[in-house]
Amino acid sequence: MLVNFYIDLNVKSLTFAILRRLSDGEFHSGTELSQILGISRSSISNALHDLDRLGLVIHKIQGRGYRWLNPVQWLNTAIIQTYLAGESERFHIQVLDITESTNNLLLHEITRNHTTHDGRIHVIAAELQTQGRGRRGRQWYTGLGDSLTFSLSWQFQRGVNFLSGLSLAIGVAIVRALMAVGIKGVTLKWPNDLLFEFIKLGGVLIELQGDMLGPATAVIGIGINLRLPDHIKNKIDQETTDLYSIVQEVPDRNKLLAVLLRELVATLNTFDQKGFSLFRDEWIRYHAFENKLIELHLPNGSIQQGTARGVAPDGSLLVNTLMGEQSFNGGEISLRKLG
1 MLVNFYIDLN VKSLTFAILR RLSDGEFHSG TELSQILGIS RSSISNALHD
51 LDRLGLVIHK IQGRGYRWLN PVQWLNTAII QTYLAGESER FHIQVLDITE
101 STNNLLLHEI TRNHTTHDGR IHVIAAELQT QGRGRRGRQW YTGLGDSLTF
151 SLSWQFQRGV NFLSGLSLAI GVAIVRALMA VGIKGVTLKW PNDLLFEFIK
201 LGGVLIELQG DMLGPATAVI GIGINLRLPD HIKNKIDQET TDLYSIVQEV
251 PDRNKLLAVL LRELVATLNT FDQKGFSLFR DEWIRYHAFE NKLIELHLPN
301 GSIQQGTARG VAPDGSLLVN TLMGEQSFNG GEISLRKLG
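Each residue of the sequence shown is one higher than the last, beginning at 1 in UniProt numbering.
Bear in mind the hints are in silico, worked out from the structure with no lab data behind them.
Keep in mind that the hints are not guaranteed to be accurate.
[As the list claims (entries may be wrong)] Taking lysine-lysine and the BS3-like style, the derived pairs with C-alpha atoms no more than 30 Å apart in a straight line are:
1. 12 to 233
2. 337 to 292
3. 255 to 200
4. 337 to 200
5. 292 to 200
6. 12 to 60
7. 292 to 233
8. 337 to 233
[To be verified] What follows is a set of in silico ranges between Cβ atoms, one per label pair, in the way DEER data are often shown:
9. 249 to 212: 45 to 51 Å
10. 248 to 40: 40 to 46 Å
11. 59 to 237: 31 to 37 Å
12. 25 to 248: 19 to 25 Å
13. 320 to 282: 18 to 24 Å
14. 235 to 27: 28 to 34 Å
15. 300 to 277: 28 to 34 Å
16. 273 to 234: 43 to 49 Å
17. 234 to 78: 32 to 38 Å
Treat the numbers as computed from the prediction; the structure is a model and nothing was measured.
Quick reminder that beta carbons are idealized off the backbone N, C-alpha and C, glycines included.
Could you put together the complete structure from these sequences and hints?
Below, the structure is given as structure tokens:
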């Protein structure tokens, strides 16, 4: 098993090295690539085999070589730091070609005490995430470079109980960042989804480690669809959209990540001091289902209907039901719009 794992890892590493050479959209011969990378032409062919399952369109023409027709815009740590300008030293940013889950990896690093003592904000972003997770254990589907998927860690001196409403505040930060780059009309769905015209655009997954009285560390995972190909959309069990569908272009991934990181840090600093209360009214303004009839599917299998009426100071959803106003909270609740 270990041998197979390392062979697979080497093949993936080689594939990404070749793809980076093909990113200019020009033809590159197998001879050229094999000389640059120090491998055989058959290794080149094997590394590029079956990439259409990722939605990559690579043409091979005899006598001319390989050409990647739909190259991605790669994330680049140096470029991200340039966009962060004077704030760049606050971050430790890792950009990975491929990983199972950025949240899992960052949680593992925290467990091994690799991220908690240097005073920086640790960020892991991935070009391709193979086992990304959403809320309630759902898989988060992405392809190579067609989304922005990353996680960051933040240590709070207060306990886990203080962090109620954190996912809602993070949603506010994301909407602010998207507006800052000219993307308007994005709304929020309680407790952690990004929507556009009631269709899912992205989401937030927060996982906590720590004591009830503190300190506590939050790993904040964020996924935003940039331009999902049809083969990815077909795997998802709900209607989805992406930023390309909204603004007819794919935003600069490096700039967008930097803008998001700046806004997230500003939000986390405020939340660290004041909690969710300062974000409550703004979150309600962005809530797609505010004052609309909704249906809540509860963990015990029951269904509750009513009208969404904002959120409580702790981030709980307030719903006007036949039995009066009720408060709902919990990661296993599913919210749907009626009508």
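For each hint, the structure was consulted:
1. Distance hint between residue 12 and residue 233 is fulfilled; the C-alpha atoms sit about 24 Å from each other, no more than 30 Å.
2. In summary, the hint linking residue 337 to residue 292 is supported, as the alpha carbons are separated by about 7 Å, within the 30 Å threshold.
3. For the hint linking residue 255 to residue 200, the alpha-carbon distance of about 22 Å falls within 30 Å, and the restraint holds.
4. Using a Cα cut-off of 30 Å, the hinted pair residue 337 and residue 200 holds, with the two alpha carbons roughly 13 Å apart.
5. Restraint check: the Cα-Cα separation between residue 292 and residue 200 comes to about 17 Å, which is no more than 30 Å; the hinted pair holds.
6. Note on residue 12 and residue 60: the hinted pairing holds, with a Cα-Cα distance of about 20 Å set against a maximum of 30 Å.
7. As the CA atoms of residue 292 and residue 233 are separated by approximately 27 Å, the hinted pair is consistent with the 30 Å bound.
8. Of the supplied pair hints, the one linking residue 337 and residue 233 holds, its CA atoms being roughly 21 Å apart against a limit of 30 Å.
9. Taken as a hint, the range 45 to 51 Å holds for the pair residue 249 and residue 212, whose Cβ atoms sit roughly 46 Å apart.
10. Taken as a hint, the range 40 to 46 Å holds for the pair residue 248 and residue 40, whose Cβ atoms sit roughly 42 Å apart.
11. A beta carbon spacing of about 33 Å between residue 59 and residue 237 agrees with the range 31 to 37 Å that was offered as a hint.
12. For residue 25 paired with residue 248, a C-beta distance near 20 Å keeps the hint of 19 to 25 Å intact.
13. Checked against the hint of 18 to 24 Å, the C-beta distance between residue 320 and residue 282 comes to roughly 21 Å, which is consistent with it.
14. Distance hint check: the CB atoms of residue 235 and residue 27 are about 32 Å apart, consistent with the given range 28 to 34 Å.
15. About 30 Å separates the C-beta atoms of residue 300 and residue 277, a value consistent with the hinted range of 28 to 34 Å.
16. Take residue 273 and residue 234: their Cβ atoms lie about 45 Å apart, and the range 43 to 49 Å holds.
17. At roughly 36 Å, the beta-carbon separation of residue 234 and residue 78 lies within the given 32 to 38 Å, and the hint holds.
Comparing the model with each earlier hint shows no violations; every hint is respected.
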